[in-house]
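Can you make the complete structure from the sequences, with help from the hints?
Protein chains in written order, with the UniProt record's numbering: chain X, 1 to 211; chain U, 1 to 211.
No lab work stands behind these hints, which were simulated from the structure alone.
From a predicted model like this one, the values you see are computed outputs, not experimental measurements.
Here a beta-carbon is modelled for each residue, glycine too, at the ideal position from N, C-alpha and C.
Taking beta-carbon pairs under 10 Å as the criterion, some of the chain U residues facing chain X (in silico):
#1 V69
#2 L118
#3 Q125
#4 L128
#5 R133
When the alpha-carbon atoms are kept at most 20 Å apart in a straight line, the in silico DMTMM-like pairs for lysine to aspartate or glutamate are as follows:
#6 K202/X x D155/X
#7 K119/U x E81/X
#8 K202/X x D149/X
#9 K119/X x E81/X
#10 K119/X x E84/U
#11 K119/X x E102/X
#12 K191/U x D155/U
#13 K202/X x D158/X
#14 K183/X x E199/X
#15 K191/U x D146/U
#16 K119/U x D146/U
#17 K119/U x E42/X
#18 K119/U x E84/X
#19 K119/X x E126/U
#20 K183/U x E204/U
#21 K119/X x E81/U
#22 K183/X x E204/X
#23 K202/U x D146/U
One letter stands for each residue in the lines below.
Protein chains: 2
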Amino acid sequence: MQTAASITMNSRISAPPRARNQAHIRPVTVHAPDCVIYAQGERARSLYQIEYGAVRIYRLLTDGRRQIVAFHLVGETFGFEISETHSFYAEAMVNSGLTSIERPAGGQLNDRLVGVALKAMVRAQEHLLVVGRQSSLEKIAVFLMDLADRQGSTDVIDLPMSRVDIGDYLGLTIETVSRTISKLRDMGILKLHNARSIEILKQERLRLMSN
Amino acid sequence: MQTAASITMNSRISAPPRARNQAHIRPVTVHAPDCVIYAQGERARSLYQIEYGAVRIYRLLTDGRRQIVAFHLVGETFGFEISETHSFYAEAMVNSGLTSIERPAGGQLNDRLVGVALKAMVRAQEHLLVVGRQSSLEKIAVFLMDLADRQGSTDVIDLPMSRVDIGDYLGLTIETVSRTISKLRDMGILKLHNARSIEILKQERLRLMSN
DNA sequence: CGTCAAATTGACAGGATTCAAACCCTGTGG
DNA sequence: CCACAGGGTTTGAATCCTGTCAATTTGACG
Numbered sequence: 001m002q003t004a005a006s007i008t009m010n011s012r013i014s015a016p017p018r019a020r021n022q023a024h025i026r027p028v029t030v031h032a033p034d035c036v037i038y039a040q041g042e043r044a045r046s047l048y049q050i051e052y053g054a055v056r057i058y059r060l061l062t063d064g065r066r067q068i069v070a071f072h073l074v075g076e077t078f079g080f081e082i083s084e085t086h087s088f089y090a091e092a093m094v095n096s097g098l099t100s101i102e103r104p105a106g107g108q109l110n111d112r113l114v115g116v117a118l119k120a121m122v123r124a125q126e127h128l129l130v131v132g133r134q135s136s137l138e139k140i141a142v143f144l145m146d147l148a149d150r151q152g153s154t155d156v157i158d159l160p161m162s163r164v165d166i167g168d169y170l171g172l173t174i175e176t177v178s179r180t181i182s183k184l185r186d187m188g189i190l191k192l193h194n195a196r197s198i199e200i201l202k203q204e205r206l207r208l209m210s211n
Numbered sequence: 001m002q003t004a005a006s007i008t009m010n011s012r013i014s015a016p017p018r019a020r021n022q023a024h025i026r027p028v029t030v031h032a033p034d035c036v037i038y039a040q041g042e043r044a045r046s047l048y049q050i051e052y053g054a055v056r057i058y059r060l061l062t063d064g065r066r067q068i069v070a071f072h073l074v075g076e077t078f079g080f081e082i083s084e085t086h087s088f089y090a091e092a093m094v095n096s097g098l099t100s101i102e103r104p105a106g107g108q109l110n111d112r113l114v115g116v117a118l119k120a121m122v123r124a125q126e127h128l129l130v131v132g133r134q135s136s137l138e139k140i141a142v143f144l145m146d147l148a149d150r151q152g153s154t155d156v157i158d159l160p161m162s163r164v165d166i167g168d169y170l171g172l173t174i175e176t177v178s179r180t181i182s183k184l185r186d187m188g189i190l191k192l193h194n195a196r197s198i199e200i201l202k203q204e205r206l207r208l209m210s211n
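Structure, rendered in structure tokens:
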């Protein structure tokens, strides 16, 4: 979260277009870390595809707490809303380049939109299962396995989010997040290069913990 | 959950049609308690509207746990799926009468469907926030306030679900559910007529706890 | 009245949060 | 090049809460 001033400064800076595997070229907007991409209540204009970087989707509660409902990584699309307005905030977590896909006018849902919506719903459901019960160990294990899968199964995971973000995503405090990761390290399952780069040494054992 | 034998026995017994406020008459199917309405993986044929009774929507996890993702009450519509098949189970919790609304052929979504989907998504999001953090007191408070609102703000709530159901919905054990309700009673906020009928004595204090 | 399932209550242990302190990393300025 | 400051992270100790196991109570029904 950021002040209006810095939002204006960081938000929607146009950048040189970048070629994609699609034939045509699309404009890329650059977002600095913690920069708001869209806010709760804003009109939902389009979908966003992440060219590089990472994004968090969250809601603010009346008491000031924050529930992160999703992280989105390179290549993923987010911003789908059935209603006309966004019910979440979207913020860049690191420097991120986004291309936007215009939302078709009217209530029409094309295949692309339905696909994105479906994926988002399935993710949300999985997330509910993780957050609902499970110990901190299971939560962190699921979280890391999911991230590894989505980053392309290299054993080194690069975390674009802070411990606070992870806590707000899994329903844990930052201390518990940190302690749990340390425990996995002590068990010989993880190796920490630094706080934002984790190597999975025993993928099988981690998978067992995440069920 | 129930055995196949009893499912067959209880399921989809046709009953005399019942007039609704709509001009035309629709057939009502009656479902006994714990009777499966549809199962995970089944083809999604139609939506269901509850004429009387109450329904739970849940998923089964590999380790045997059950996550209830929604309760539906009289007058509500459920069964929406973006995909072709159901990703959840639906079961009646008490004797329930349902009318079904045929799903339009093809991928077309009419206003009715979009409305139901929207409501379901918003509910799921709220649910995530509740399950994510919050103490057992907050969870139970939110749960009861929500139920009171949906039953039409009478101060007496009628619970169609068991303590096990509530636990599986909020991510708590039945003991904690029971203890928490007892604590609210001891605080003078609730009065228990019996396990399935709760009176809210101090609505404001309950609302404060649920934020 | 007896039986059975559901719900309540109690005791206890384990795990998560809270509050606090120490540590690490990175960028800045001398 | 090094010292230093600041934020983010890790670790420690105490407390509180929830889950577990067990016993008891309640309510529905034959």
